[in-house]
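> Sequence:
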Amino acid sequence: MPFTPPQSIAPLLARPVAVLGAGVSGQGVLLLLGAIGATGVLYDERADHAARVFTATEAATHGLVVFSPGFAPEHPWLSTARAAGCTCLGELDFASLFWRGEVIAVTGTNGKTSLTEFLAHALNAAGRRAHVTGNVGYPFSRFVVEQMGQVDVAVCEVSSFQAETLQHFRPTATLWTNFAEDHLERHPGMPAYFAAKCRLLERTMRGGVFIGSSVQRFALVAGQALPPVVPVATEGQPADIRLGGSIFASYPQRENFILAAAWWRQTGLPPSLLYSAAETFRLGQHRLTRVAEKAGVAYWNDSKATNFHAVEAALATFSSPVLWIGGGKAKGGDLGAFVGRIARQLKHAFLIGETQAALLAHCAQFRVAATACTSLAEAVQKARALATAGDQVVLSPGFASFDMFRGYDDRGRQFESLVENL
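In UniProt numbering, the protein residues as written are 1 to 422.
Honestly, the hints are just simulated from the structure, not real lab data. The model shown is predicted, which means the values in this text are computed figures rather than measured ones. Where a beta carbon is used, it is the ideal one built from N, C-alpha and C, also for glycine. Check before you lean on any hint, since a few could be wrong.
[Claimed, not checked] Distance ranges between label pairs, derived from CB positions:
1. Glu185 - Leu283: 21 to 31 Å
2. Gly207 - Ala364: 46 to 56 Å
3. Glu202 - Thr374: 40 to 50 Å
4. Arg341 - Ala239: 22 to 32 Å
5. Phe318 - Arg265: 12 to 22 Å
6. Arg265 - Ala239: 52 to 62 Å
7. Ala377 - Arg265: 45 to 55 Å
8. Gln237 - Glu279: 13 to 23 Å
9. Pro16 - Gln224: 33 to 43 Å
10. Arg100 - Gln224: 30 to 40 Å
11. Arg100 - Pro11: 20 to 30 Å
12. Gly149 - Ala364: 50 to 60 Å
13. Gln237 - Leu269: 12 to 22 Å
[Claimed, not checked] 27 Å max Cα-Cα, derived DSSO-like pairs, lysine-lysine:
14. Lys294 - Lys331
15. Lys331 - Lys347
16. Lys382 - Lys329
17. Lys382 - Lys347
18. Lys294 - Lys382
19. Lys329 - Lys347
Whenever a hint applies, use it, and build me the whole structure from the sequences.
As structure tokens, this is what we get:
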């Protein structure tokens, strides 16, 4: 299918486009540029197959710069590009200029990937051609090239990194699950993190914003003005017998279903179809999955838990204290307060990664038994040695994985392998 550039950027494509970031987003942008008959030049300080410097000299050869989410708005390369008169667009924004279908956006601190996947699953079950994209490892730029004409609805997970610079992305609806500490290594405080996500709300069509209880609460406490929204009571809701046997029967996934149902009702689709989809939906990998039971001890992989809120939600599902494997690359936030909140749910903590020392000190402060481990393998072995029949060993790190692994999926796979080999 031919891709016609909008008039707003067509003149900028006559010159090579600077693509900042050689990861999946950057590669997606190169693919889209090729599909529209334009050329791109890849820049990345850490990649051998890309230019590693971007100075005023390089910037002068470009009119358009498309950057990956890892580039903060104040990154020196973006400052250089703006000073040279370049138009700077995030990957999501750039790709949205070429998409002709509907967009449903999903954001939140925890659970947004599961909600994104569930909405696509439910829409397909209802006869709407939908597919996931965005911050799920499938960038919108690649999605546009591969799915145009194949699907009608893009269900797009949007991170705060993507939301904060949006100019063109225009979703029909946005579902914001929850809000808690995360990404404070990038955003200078919770109000800034909240404001970054609010940019997505501003870009959403009127009447299409659905927000969960914790989002409403933070906006009220912080005095943060919001555009017109549909507030949804997602916390502390009674059980729904129609969800029995599904992953949405209990929290934290219950929160996702309630928000999805509020939007579903507005679309006019039959509620029965959403409940049927809930019965057949399965969580993706590394989301609080029971891996195995060894000598009466259950092992759980929740490697996708990369923030405090996700860990707290996972631990809340267990009726007794667990053997917790946690730690990793810091993302900001109050570590002491985090450990204080989960202390009663921990029988023993096995700590890994660069946050290990700080977590160890806080565990001592809250009288949580803890062991420092040099590797995930050591953590699994020491947890096994301490565990007794009936115990739960839970990998729910609470931090990014890049200090020791290629990603949360690599961390989860290694954990599952270690458990299977016990």
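> Against each hint, give a clear statement of whether it holds in the structure.
Hints versus structure:
{"no.": "1", "hint": "Glu185 - Leu283: 21 to 31 Å", "verdict": "holds (27 Å)"}
{"no.": "2", "hint": "Gly207 - Ala364: 46 to 56 Å", "verdict": "holds (51 Å)"}
{"no.": "3", "hint": "Glu202 - Thr374: 40 to 50 Å", "verdict": "holds (46 Å)"}
{"no.": "4", "hint": "Arg341 - Ala239: 22 to 32 Å", "verdict": "holds (25 Å)"}
{"no.": "5", "hint": "Phe318 - Arg265: 12 to 22 Å", "verdict": "violated (33 Å)"}
{"no.": "6", "hint": "Arg265 - Ala239: 52 to 62 Å", "verdict": "violated (19 Å)"}
{"no.": "7", "hint": "Ala377 - Arg265: 45 to 55 Å", "verdict": "holds (48 Å)"}
{"no.": "8", "hint": "Gln237 - Glu279: 13 to 23 Å", "verdict": "holds (19 Å)"}
{"no.": "9", "hint": "Pro16 - Gln224: 33 to 43 Å", "verdict": "holds (40 Å)"}
{"no.": "10", "hint": "Arg100 - Gln224: 30 to 40 Å", "verdict": "holds (33 Å)"}
{"no.": "11", "hint": "Arg100 - Pro11: 20 to 30 Å", "verdict": "holds (21 Å)"}
{"no.": "12", "hint": "Gly149 - Ala364: 50 to 60 Å", "verdict": "holds (59 Å)"}
{"no.": "13", "hint": "Gln237 - Leu269: 12 to 22 Å", "verdict": "holds (21 Å)"}
{"no.": "14", "hint": "Lys294 - Lys331", "verdict": "violated (33 Å)"}
{"no.": "15", "hint": "Lys331 - Lys347", "verdict": "holds (25 Å)"}
{"no.": "16", "hint": "Lys382 - Lys329", "verdict": "holds (21 Å)"}
{"no.": "17", "hint": "Lys382 - Lys347", "verdict": "holds (13 Å)"}
{"no.": "18", "hint": "Lys294 - Lys382", "verdict": "holds (14 Å)"}
{"no.": "19", "hint": "Lys329 - Lys347", "verdict": "holds (23 Å)"}
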